[in-house]
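In order, the protein sequences belong to chains A and B. First residue of the first sequence? That's 256 in this note's numbering, and the numbers climb one at a time after it. First residue of the second sequence? That's 1087 in this note's numbering, and the numbers climb one at a time after it.
Read the hints as simulated data drawn from the structure, not as lab findings. Check the hints yourself; a few may be wrong.
[What the hints assert, rightly or not] Simulated crosslink set (BS3-like; lysine-lysine; CA at most 30 Å straight-line):
#	chain 1	residue 1	chain 2	residue 2
1	B	Lys1133	A	Lys413
2	A	Lys338	B	Lys1145
3	B	Lys1343	A	Lys338
4	A	Lys258	B	Lys1268
5	B	Lys1366	A	Lys410
6	B	Lys1268	A	Lys333
7	A	Lys288	B	Lys1145
8	A	Lys413	B	Lys1235
9	B	Lys1268	A	Lys410
10	B	Lys1343	B	Lys1095
11	B	Lys1139	A	Lys417
12	B	Lys1103	A	Lys338
13	A	Lys410	B	Lys1133
14	B	Lys1268	A	Lys413
15	B	Lys1235	A	Lys261
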Amino acid sequence: MGKAWKFGDNISTDLIAPGRYFHLRSNLPELAKHVLEGARTEFASLVRSGDFVVAGENFGLGSSREHAPVIINLAGAKAVLAKSFARIFYRNCINIGLPAITCNTDEIEEGDELELDMEQGIITNRTKGTELTFTPLPGVMNRILHEGGLVAYIKNHKSLEKI
Amino acid sequence: MGGKTLSEKIIEEHCGKEVSAGEVVVVNVDLSYMQDGTGPLTVLRMKEMGIEKAYNPEKTIIFLDHASPSPRMELSNDHRFLRDFAEKTGIILSDVGYGISHHNSLESYARPGDVIVGADSHTCTNGALGAFATGMGSTDVAAAIALGKTWMKVPETYLVEVNGRLPKGVYSKDIILHLIGKITSNGATYKALEFTGNTITGLSTAARSTIANMSVEAGAKVGLFPPDNETKKFLKKMGREEDFREVGSDEDADFEKRIEINAEELEPVIACPHLVDNTKKISEVGKVKVNEVLIGTSCNGRLEDLHIAASILKGKKISKNTRVIVTPASRMVYLEALKDGTIETFIESGALVTTPGCGACDGVHEGILGDGDVCLATQPRNFKGRMGNPNSFIYLGSPAVAAATALAGEISDPREVM
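Let the hints inform the model, and build the full structure from the sequences given.
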């Protein structure tokens, strides 16, 4: 179980992993201290392991920097829930083994205690006593996520042919 | 069964079977690249995969363009790491000073009908030559470099038809800003944008690359221009006419949507802070004082862009309240602008010229904004914090708008000074 941290629409990668910390990209734990700083200054010190980043439309638009989902993950978030995702960010999440869940986040408020069941495609909101269903990931992404990300997939299969 | 779109055709050639939009396929990759912002993580991912060599090193490139030359020790160490990796693997290195990945790619590597992946979201710039080029993250690009393949979903296509003569002072930048304002910054997420119409046919490859570059700002996977005579002319000028080939959508292809734009009705367009789809006609922007003007970047740093700006600045002085930074996209552009007097015009007007590369756009160096600063840039993005300071404000416009703004010290309509 983890807590929901709410963000709005169009949270860009410049807000998640700001360019002013470009020099920290080879020092990911240090970069993670600034995660989502552009959207909420103190976020890195507030988020706890197992919490959820919950946002509106088009989360992760902008740069291809994979550092954005990597530091969300490193900061402890269990998954990102949004109404919609930008394309590159979405692939990056799955590739690094961070679930990116498309669902109606209007049903979730800041601070709600959530539980995620990837197999059943259900988010249980313990605070509100409600359940939120979501469309499972497309087959290929589900397979990558299931193996822990694309690095693990390639180590296991040595090829993409059967993906 | 209906005809095929350009995207479907290129993907079919690269996966060896017939495909339709929506299918997931594994494709051969012709060219892959990374830059110094995404490269260290890409190399790390290759190490983690246990494949520390490129499937095709001669078609794999590391560009040092984002922090170029390096302003900090940490980034100098990243550069060392990438240079060493290039040397060890035989991957091509485009070192500091050679300029932006996408423009070097257009000049020297990308071919019509190629599949290109780059660890940089603006890799779609290569769509100007009719290459299916898309930005991906470090892990995806690491896999593409290691295996020579990637997986992708065949995108549905939005056909954008632009017809009519562009009015004076209106450019390809205004077409793409207008389009993004109309369909929003996620209006084409996962889709291919394909550009057609007599306005498009009349655009140079440079002007097309501005539109291709910003296709991702509408969420698109690619922004494609079917290769034509202009493409052939461009490749010939680059000394590689043999790379030209024709490939295009069938007339009865299945387009998910058609978007029509009448070029004759367009005005200069400005994207206001802090989103690219927050667009206004320049006549509606009002009085906005500007501290910094940036001319260049992956979107508008080509010779043609510099010529447009210089023609407005020639014989005049920039506003004393505004600093003007010019960053050529590539060394080739820089050298040509130097030889034909364009650089001289900039310097005489009071502007400064930096090393070719991404420059101030990525918030690392060469023009980071101060608190409360307002910038008018020709770059593709204006997100909060983009230029290194979350307390600053970025407006986007064409090189002509940038030059007119530089003279007045506030956002200005280029049509009044042309």
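Does B/Lys1095 sit within 30 Å of B/Lys1343, going by the straight-line distance between their CA atoms?
18 Å, holds
Are B/Lys1366 and A/Lys410 close enough, with their CA atoms no more than 30 Å apart?
Between B/Lys1366 and A/Lys410 the Cα gap is close to 49 Å, so the pair fails against 30 Å, i.e. violated.
Hey, B/Lys1343 versus A/Lys338, does the alpha-carbon distance stay inside 30 Å?
Since the Cα atoms of B/Lys1343 and A/Lys338 sit roughly 23 Å apart, the hinted pair holds (cutoff 30 Å).
What's the verdict on A/Lys338 and B/Lys1145, does the C-alpha distance respect the 30 Å limit or exceed it?
The given pair, whose Cα atoms are some 38 Å apart, is violated under the 30 Å limit.
Check whether the Cα positions of A/Lys413 and B/Lys1235 lie no farther apart than 30 Å.
Given pair A/Lys413, B/Lys1235 holds - Cα atoms ~12 Å apart, limit 30 Å.
Taking 30 Å as the top limit, are the C-alpha atoms of A/Lys258 and B/Lys1268 close enough?
Answer violated: A/Lys258 to B/Lys1268 is near 37 Å, above 30 Å.
Given the proposed pairing of A/Lys410 with B/Lys1133, does the C-alpha separation stay at or below 30 Å?
11 Å, holds
Would the hint linking B/Lys1139 and A/Lys417 be met if the CA-CA limit is 30 Å?
It holds: about 22 Å lies between the C-alpha atoms, which stays within 30 Å.
Tell me if the straight-line CA distance from B/Lys1268 to A/Lys413 falls inside 30 Å.
44 Å, violated
Pair hint B/Lys1133 and A/Lys413, alpha-carbon separation not exceeding 30 Å:
Between B/Lys1133 and A/Lys413 the Cα gap is close to 13 Å, so the pair holds against 30 Å.
B/Lys1103 and A/Lys338 were given as a pair; does the straight-line alpha-carbon distance stay at or below 30 Å?
34 Å, violated
Between B/Lys1268 and A/Lys410, does the CA-CA distance stay at or below 30 Å?
44 Å, violated
Taken one by one, the earlier hints fail for this structure at numbers 2, 4, 5, 6, 7, 9, 12, 14, 15, listed in ascending order.
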